[in-house]
Amino acid sequence: MKVSVQTEDFDLDVECAALTHGRKDIGALASFVGLVRDANDGAGIARMTLEHYPGMTEKSLAEIVEQARGRWDVLDATVIHRVGELKPGDNIVLVVVASAHRGDAFAACEFIMDFLKTRAPFWKKEETPEGGRWVDARESDDVAAEKWKGR
Amino acid sequence: MKVSVQTEDFDLDVECAALTHGRKDIGALASFVGLVRDANDGAGIARMTLEHYPGMTEKSLAEIVEQARGRWDVLDATVIHRVGELKPGDNIVLVVVASAHRGDAFAACEFIMDFLKTRAPFWKKEETPEGGRWVDARESDDVAAEKWKGR
Amino acid sequence: MLKILYFAGLREALGQSSEQLALPGGMGTVGQLHAHLAARGGAWEALAKTKNLRIAVNQQMAAMDAPLNDGDEVAFFPPVTGG
Amino acid sequence: MLKILYFAGLREALGQSSEQLALPGGMGTVGQLHAHLAARGGAWEALAKTKNLRIAVNQQMAAMDAPLNDGDEVAFFPPVTGG
Chain U
1 MKVSVQTEDF DLDVECAALT HGRKDIGALA SFVGLVRDAN DGAGIARMTL
51 EHYPGMTEKS LAEIVEQARG RWDVLDATVI HRVGELKPGD NIVLVVVASA
101 HRGDAFAACE FIMDFLKTRA PFWKKEETPE GGRWVDARES DDVAAEKWKG
151 R
Chain V
1 MKVSVQTEDF DLDVECAALT HGRKDIGALA SFVGLVRDAN DGAGIARMTL
51 EHYPGMTEKS LAEIVEQARG RWDVLDATVI HRVGELKPGD NIVLVVVASA
101 HRGDAFAACE FIMDFLKTRA PFWKKEETPE GGRWVDARES DDVAAEKWKG
151 R
Chain F
1 MLKILYFAGL REALGQSSEQ LALPGGMGTV GQLHAHLAAR GGAWEALAKT
51 KNLRIAVNQQ MAAMDAPLND GDEVAFFPPV TGG
Chain H
1 MLKILYFAGL REALGQSSEQ LALPGGMGTV GQLHAHLAAR GGAWEALAKT
51 KNLRIAVNQQ MAAMDAPLND GDEVAFFPPV TGG
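Each protein sequence line maps, in turn, to chains U, V, F and H.
Numbered per the working numbering, the first sequence finishes at 151, counting up by one with no gaps.
Numbered per the working numbering, the second sequence finishes at 151, counting up by one with no gaps.
Numbered per the working numbering, the third sequence finishes at 83, counting up by one with no gaps.
Numbered per the working numbering, the fourth sequence finishes at 83, counting up by one with no gaps.
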């Protein structure tokens with residue numbers, strides 16, 4: 001398991017290769033990459049800054065991955081979240097889950113993203129033509145995290 | 001949209017970059033890579049051969065992607081399936097879906113895989129210590145495809 | 001004429017991957033063609049024995065009651081196992 | 001002593017990211033600390049006004065009734081928006 005909070009960009013292929021290297025029991029790699037869009041809530045985004053809570057962030061991500069491992073057959077997983085200044089088109093977050101079967105890989109990957117969105121201490125500040133604004137939490141993200149309770 | 005049936009390997013990063021190149025409206029890239037495992041149904045797998053129905057395969061994959069586009073907000077998608085002889089650890093299939101939001105990207109990506117598994121005319125023949133055997137279709141794959149009817 | 005294709009385990013059981021067949025009179029559906037081929041006996045009984053046999057007409061999945069027309073491409077194969 | 005941290009919009013509203021505070025007597029819970037800080041008035045009212053304010057004690061999410069101990073790290077922040 002790898003969890004990293006970093007300013008540098010990541011490489012999806014490199015992270016997938018690190019998970020699969022030297023093993024032949026992985027049948028499914030589900031991955032997610034979140035990117036900065038140039039528009040959000042009707043405003044143009046010139047750039048954004050990602051703030052986090054050093055120490056708690058890493059613990060929180062590791063706990064979320066552990067929860068996923070407890071629920072599904074996860075062989076290995078990687079979570080990388082960038083912080084600092086980003087611009088539209090930049091990568092923000094990467095989640096890769098390796099499993100024997102695709103159902104587990106998909107579920108664990110989406111679960112990790114849904115909980116990262118609502119539990120991990122990151123905050124986005126967007127620069128728009130009207131100035132900087134802290135992004136509001138979305139109710140839809142809470143709904144997405146809640147849906148796993150019933151599964 | 002890109003659909004390819006090919007003997008050559010694919011590169012996840014290259015395919016993701018092709019989808020995101022020059023656009024800044026993509027917030028989510030969900031991807032799936034299926035790999036050959038060295039064991040299946042209790043037998044060791046030395047290698048496998050993937051046969052397909054040229055012509056129908058490509059049409060079938062394109063139709064599945066179109067169905068996904070009709071159900072979710074999909075900005076672009078790529079499906080690549082390898083055929084011919086493969087060995088454990090080799091890539092078999094790639095699905096990448098680009099969307100503004102992660103919920104759409106995850107759902108469309110998993111939908112495409114579930115329907116590919118049950119609708120696209122590919123057949124696997126595994127070489128085991130006991131000789132070659134055609135892989136049996138799994139009931140769990142039918143169940144996975146059926147679950148989308150209720151959503 | 002019909003173009004008939006066989007894939008995977010069925011192709012191996014029949015020892016051939018395709019054939020051309022003049023559409024005989026009274027063979028208006030996929031089911032009738034299927035019965036005609038299976039009636040050849042020997043290896044051809046595999047057509048009747050294959051569990052959950054799938055059929056495509058002109059590269060679209062089809063049911064046994066699907067109509068056949070001259071020039072159609074008909075494929076018989078076992079359930080798919082890709083991905 | 002408590003180590004108190006503020007993040008994101010709350011950090012900006014308060015004009016500071018952290019402080020050290022001796023744990024005064026009678027301040028046994030997160031809720032009591034929260035009320036104590038908000039009572040400073042002015043910018044500090046942001047602590048009471050922040051919608052769905054989140055609190056972590058020693059880097060674990062905590063509720064208003066969570067107990068405080070000397071040496072704890074307490075963080076106040078708005079709902080998270082990463083990913």
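If you are wondering where the hints come from, they were derived from the structure by calculation, not from laboratory data.
One thing to keep in mind: the hints can contain errors.
Claimed, not checked - In the DMTMM-like style, the derived pairs of lysine to aspartate or glutamate whose C-alpha atoms are separated by at most 25 Å in a straight line are:
hint, chain 1, residue 1, chain 2, residue 2
1, U, 2, U, 13
2, V, 59, F, 70
3, U, 87, U, 8
4, U, 2, U, 127
5, F, 3, F, 65
6, U, 147, V, 73
7, F, 49, V, 127
8, H, 3, U, 8
9, F, 51, V, 73
10, F, 49, V, 73
11, H, 3, U, 90
12, V, 24, U, 58
13, U, 24, V, 126
No experiment lies behind these values; they were computed from the predicted model shown.
Hints, verified against the model:
1. Distance restraint check for residue 2 of chain U and residue 13 of chain U: the Cα-Cα separation of roughly 15 Å lies within the 25 Å cut-off, and the hinted pair is therefore satisfied.
2. Using a Cα cut-off of 25 Å, the hinted pair residue 59 of chain V and residue 70 of chain F holds, with the two alpha carbons roughly 22 Å apart.
3. Proximity of residue 87 of chain U to residue 8 of chain U is assessed by CA-CA distance (about 13 Å); at most 25 Å being required, the pair is judged to hold.
4. For the given pair, residue 2 of chain U sits about 31 Å from residue 127 of chain U by alpha-carbon distance, which is inconsistent with the 25 Å threshold.
5. Our distance criterion of 25 Å between C-alpha atoms is met by residue 3 of chain F and residue 65 of chain F, whose separation comes to about 18 Å.
6. This hinted pair checks out: residue 147 of chain U and residue 73 of chain V have alpha carbons roughly 20 Å apart, not beyond 25 Å.
7. Straight-line distance between C-alpha atoms of residue 49 of chain F and residue 127 of chain V comes to about 24 Å, which keeps the hinted pair within the 25 Å bound.
8. Between residue 3 of chain H and residue 8 of chain U the alpha-carbon distance is near 29 Å, which puts this suggested pair outside the 25 Å criterion.
9. Of the pairs offered as hints, the one joining residue 51 of chain F and residue 73 of chain V is violated, with about 38 Å between alpha carbons and a cut-off of 25 Å exceeded.
10. Restraint check: the Cα-Cα separation between residue 49 of chain F and residue 73 of chain V comes to about 43 Å, which exceeds 25 Å; the hinted pair is violated.
11. For the proposed pair residue 3 of chain H and residue 90 of chain U, the alpha carbon gap of about 34 Å is over 25 Å, so the pair is violated.
12. The straight-line distance between the Cα atoms of residue 24 of chain V and residue 58 of chain U is roughly 28 Å, outside the 25 Å bound, and the hint therefore fails.
13. Simply put, residue 24 of chain U and residue 126 of chain V have alpha-carbon atoms about 15 Å apart, close enough for the 25 Å limit, and the pair holds.
When each numbered hint is compared with the structure, violations occur for hints 4, 8, 9, 10, 11 and 12.
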